[in-house]
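Residue numbers (this note's numbering), protein chains in the order written: chain A, 2 to 401; chain B, 2 to 401.
Note that these hints are calculated values from the structure, not bench results.
One or more hints might be untrue.
Just so you know, same-sequence chains aren't split out, so a pair can sit in one copy or run between any two.
Pairs of lysine to any residue, SDA-like flavour, derived with a Cα cap of 25 Å [what the hints assert, rightly or not]: (1) Lys87 / Ser394; (2) Lys87 / Ile346; (3) Lys87 / Leu369; (4) Lys105 / Glu119; (5) Lys14 / Ile39; (6) Lys87 / Arg350; (7) Lys280 / Asn88; (8) Lys87 / Glu69; (9) Lys87 / Asp223; (10) Lys311 / Gln91; (11) Lys280 / Met196; (12) Lys186 / Pro167; (13) Lys186 / Glu164; (14) Lys280 / Arg171; (15) Lys311 / Gly32; (16) Lys311 / Asn15; (17) Lys87 / Glu204; (18) Lys168 / Pro85; (19) Lys87 / Ile149; (20) Lys87 / Asp315; (21) Lys186 / Ile277; (22) Lys14 / Glu119; (23) Lys87 / Asp320; (24) Lys275 / Arg90; (25) Lys87 / Gly349.
There are 2 protein chains.
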Amino acid sequence: MLEDVGAFSYVPKNDLENRAGRLCSLLAGAGVDFAVIIQNVDRFYFTGTMQKGVVIIPVDNDPLVFVEKGFERAEAETPFEIIPVKNDRQVRDILLGRNILPGKAGLELDVLPVNTFERTQRVVGFREYADISEFIRSVRMIKSSYEIDQLRQSGEMLSRVFEAAPKEIREGRTELEIEAVLVAKGRTIGHHGLMRMRGLNQEMVMMTVQAGFTGTVPTFLDAPITGSGVTPAIPQGSSFKRVERGIPVTIDYGGGYNGYITDETRTFVVGELKEIFRKPCETAREIIDETLRYARPGIDSTELFLRAQKMADDRGLADYFMGHGEGQVPFIGHGIGLEINELPILTGRHRRPLEEGMVFAFEPKFVLPGHGAVGIEIDCIVTANGIERLTSSPIDIVCL
Amino acid sequence: MLEDVGAFSYVPKNDLENRAGRLCSLLAGAGVDFAVIIQNVDRFYFTGTMQKGVVIIPVDNDPLVFVEKGFERAEAETPFEIIPVKNDRQVRDILLGRNILPGKAGLELDVLPVNTFERTQRVVGFREYADISEFIRSVRMIKSSYEIDQLRQSGEMLSRVFEAAPKEIREGRTELEIEAVLVAKGRTIGHHGLMRMRGLNQEMVMMTVQAGFTGTVPTFLDAPITGSGVTPAIPQGSSFKRVERGIPVTIDYGGGYNGYITDETRTFVVGELKEIFRKPCETAREIIDETLRYARPGIDSTELFLRAQKMADDRGLADYFMGHGEGQVPFIGHGIGLEINELPILTGRHRRPLEEGMVFAFEPKFVLPGHGAVGIEIDCIVTANGIERLTSSPIDIVCL
Chain A
2 MLEDVGAFSY
12 VPKNDLENRA
22 GRLCSLLAGA
32 GVDFAVIIQN
42 VDRFYFTGTM
52 QKGVVIIPVD
62 NDPLVFVEKG
72 FERAEAETPF
82 EIIPVKNDRQ
92 VRDILLGRNI
102 LPGKAGLELD
112 VLPVNTFERT
122 QRVVGFREYA
132 DISEFIRSVR
142 MIKSSYEIDQ
152 LRQSGEMLSR
162 VFEAAPKEIR
172 EGRTELEIEA
182 VLVAKGRTIG
192 HHGLMRMRGL
202 NQEMVMMTVQ
212 AGFTGTVPTF
222 LDAPITGSGV
232 TPAIPQGSSF
242 KRVERGIPVT
252 IDYGGGYNGY
262 ITDETRTFVV
272 GELKEIFRKP
282 CETAREIIDE
292 TLRYARPGID
302 STELFLRAQK
312 MADDRGLADY
322 FMGHGEGQVP
332 FIGHGIGLEI
342 NELPILTGRH
352 RRPLEEGMVF
362 AFEPKFVLPG
372 HGAVGIEIDC
382 IVTANGIERL
392 TSSPIDIVCL
Chain B
2 MLEDVGAFSY
12 VPKNDLENRA
22 GRLCSLLAGA
32 GVDFAVIIQN
42 VDRFYFTGTM
52 QKGVVIIPVD
62 NDPLVFVEKG
72 FERAEAETPF
82 EIIPVKNDRQ
92 VRDILLGRNI
102 LPGKAGLELD
112 VLPVNTFERT
122 QRVVGFREYA
132 DISEFIRSVR
142 MIKSSYEIDQ
152 LRQSGEMLSR
162 VFEAAPKEIR
172 EGRTELEIEA
182 VLVAKGRTIG
192 HHGLMRMRGL
202 NQEMVMMTVQ
212 AGFTGTVPTF
222 LDAPITGSGV
232 TPAIPQGSSF
242 KRVERGIPVT
252 IDYGGGYNGY
262 ITDETRTFVV
272 GELKEIFRKP
282 CETAREIIDE
292 TLRYARPGID
302 STELFLRAQK
312 MADDRGLADY
322 FMGHGEGQVP
332 FIGHGIGLEI
342 NELPILTGRH
352 RRPLEEGMVF
362 AFEPKFVLPG
372 HGAVGIEIDC
382 IVTANGIERL
392 TSSPIDIVCL
């Protein structure tokens, strides 16, 4: 029955086995005997279900899915062994019975709150432990063909929403009005309903529309164009700012299909684009073209940032590249998948060669303080031969 | 300029001083010398700004707002001293210089990830520490008149969205279509854009529409009616299920104004409500009436749950009250404010007398497995004399 009302395509068993296998190789290398997976997205990634409970992945065996609630759904969703429990206090005996305990546990210390960690340590009863969050993030960084297919469907949704944008952008309309109708369009065709970002304080709205100075306000969020929002309590996103003739309107939107998030940005303008924005717009486009030509497996991700930065610099735009002043961010792209801040991060700081199966958003943007922001963001798949775009949406600035 | 594009009403200084003062009394009682506040919502609550950084609240002095990014906004938003820093490594020397260090630190251990905690301990350099999350939650539980005014405006928004609901609910329409247009309505009039829930794995969509069996599917979320959602990756919320004649449609929605979240549910039906749903509908209404008559400061919150449960029991509905089978939840209400899972929790388990200034959602709901769910949810303010509703929306089931 659930299959009739949603996109209930379950994660294929061989994909799940491959994911657990790759994690276990890393665990084995670090002397970790079993992973304790608690965060909901990680649990879904490794088992195919997000129902309530904890997942144990022994280094030499299939994952054990302890389920406290949502048993029926868990059974339909995961091919692995499900162990129904009333709560996590029953986990210990089962692990002892299977000789998984005692042993060194690996945990998601980047997201596990201190109290949750201490409770888990007490009830599961491991003594030694290690942080395996970087292992998990690096396994999740490489997408399977099943995952790329989910991302393509998410990108398809995103493209349909962007196709509807031109007729919604009119002089005098507020950012919020434009956002509301476009987000509704995505949800109607089945957008999964949430935008996920890993870590404490990491939150993001589904779409942000900026129509002028609101796109230039620096705020806490690590993004080049964050928007002012409508309140200091949520200082990001669209506002009541109205569209003006000649001033660019950026729309940054994330598609959401079967858990997989895409993330692209388009720039629109009513009438003729004001002179001041033209060079930044052309440069963003040139950076995209150059990157699509240049990037391929083996190229270091720092190169992508540094070459883009140099192109901005050569055109006298260094001060506006990826934000302005304190709002400038040190990256030009980020991995996407089940969360919007996956690996790789495309920054000048941390070296990481591109690998086949990475999928990332690439977003050259320029912020002209007080005036407005422009930019393009596309999603890219690293293939054996180079870079392939996830969607085929046109990326030129659209004049209305 | 920002004031022109949003609801930028800043938090009054005396409210902020009162909040810090109440926290400091609790800190002093527990021998804690200063609080280290890192979570974004707590930082906003205690300072009025959510810009990037850490907040230190000495037990005997005003909060210090360390800001790494969003300096200009922070200045407009908080009346407290702002200390610009490049990163948290600069905090230690300043605290030493002000004799705040050495001393016992209090931290939000319910939400702080282990890695963040360890980094904070290392760079700030405290040795002794304590968990102050329950202090913070109990301070936030009691709302000021300013906060109640924000909640009323959030409730006003919610009421306007519910007023638009009847003309959107038609036989054959999907849950997603109804949700999309109503959420768009709220966003257009300035909904702040996010729904916040405290803690790891706590996430919730802004609205969920259930039009039949989808309202009866148990899932991981701790709520009586969660919805099936459209994917195992986000197993909650609306789906492609279509509205049927005679089957109740529940709409659970959260208003969002200036950070403050409201949370109400209405039940609608196209045509005549099927017999099986009538007694549950009447009982939900009777539980609301009885609670509004009965509850007042001093009454224990457990009473509210237990009396409602007994009313359901007396009418032969015990098996369907607040969910069915493994989907049954042990509470009938929860505090609301900046997050949707604030104190008090109205459960039969933890005693806590009602106090003036508490604001909570109260949600008697019934789940009839395979058939559908019904229920009402209202937001309540505990006043000196009893309970006042936050909105004046009619709560009877609406027949269309």
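Results for each hint:
1. Lys87 / Ser394: neither (49 Å within a copy, 39 Å between copies)
2. Lys87 / Ile346: Answer is between; shortest inter-copy Cα gap is 21 Å, intra-copy 40 Å.
3. Lys87 / Leu369: between (56 Å within a copy, 23 Å between copies)
4. Lys105 / Glu119: both (15 Å within a copy, 20 Å between copies)
5. Lys14 / Ile39: Classified as within; 20 Å inside a copy, 40 Å across copies.
6. Lys87 / Arg350: between (46 Å within a copy, 17 Å between copies)
7. Lys280 / Asn88: So Lys280 and Asn88 fail the 25 Å test inside a copy (59 Å) and across (33 Å) alike.
8. Lys87 / Glu69: within (5 Å within a copy, 44 Å between copies)
9. Lys87 / Asp223: between (40 Å within a copy, 14 Å between copies)
10. Lys311 / Gln91: neither (57 Å within a copy, 31 Å between copies)
11. Lys280 / Met196: Cα proximity of Lys280 and Met196: none, with 32 Å in one copy and 38 Å across.
12. Lys186 / Pro167: Close inside one copy (13 Å) and across copies (20 Å); limit 25 Å.
13. Lys186 / Glu164: This pair counts as both: shortest intra-copy Cα distance 11 Å, inter-copy 21 Å.
14. Lys280 / Arg171: Only inside one copy: Lys280 and Arg171 sit 24 Å apart there, 50 Å across copies, limit 25 Å.
15. Lys311 / Gly32: Classified as neither; 43 Å inside a copy, 54 Å across copies.
16. Lys311 / Asn15: Answer is neither: 43 Å inside a copy and 50 Å across each miss the 25 Å cutoff.
17. Lys87 / Glu204: Between copies, since 22 Å is at most 25 Å while 31 Å is not.
18. Lys168 / Pro85: neither (52 Å within a copy, 44 Å between copies)
19. Lys87 / Ile149: neither (36 Å within a copy, 38 Å between copies)
20. Lys87 / Asp315: neither (63 Å within a copy, 28 Å between copies)
21. Lys186 / Ile277: neither (33 Å within a copy, 35 Å between copies)
22. Lys14 / Glu119: neither (33 Å within a copy, 37 Å between copies)
23. Lys87 / Asp320: between (57 Å within a copy, 19 Å between copies)
24. Lys275 / Arg90: neither (64 Å within a copy, 43 Å between copies)
25. Lys87 / Gly349: between (48 Å within a copy, 18 Å between copies)
When held up to the earlier numbered hints, the structure conflicts with 1, 7, 10, 11, 15, 16, 18, 19, 20, 21, 22 and 24 and fits the remainder.
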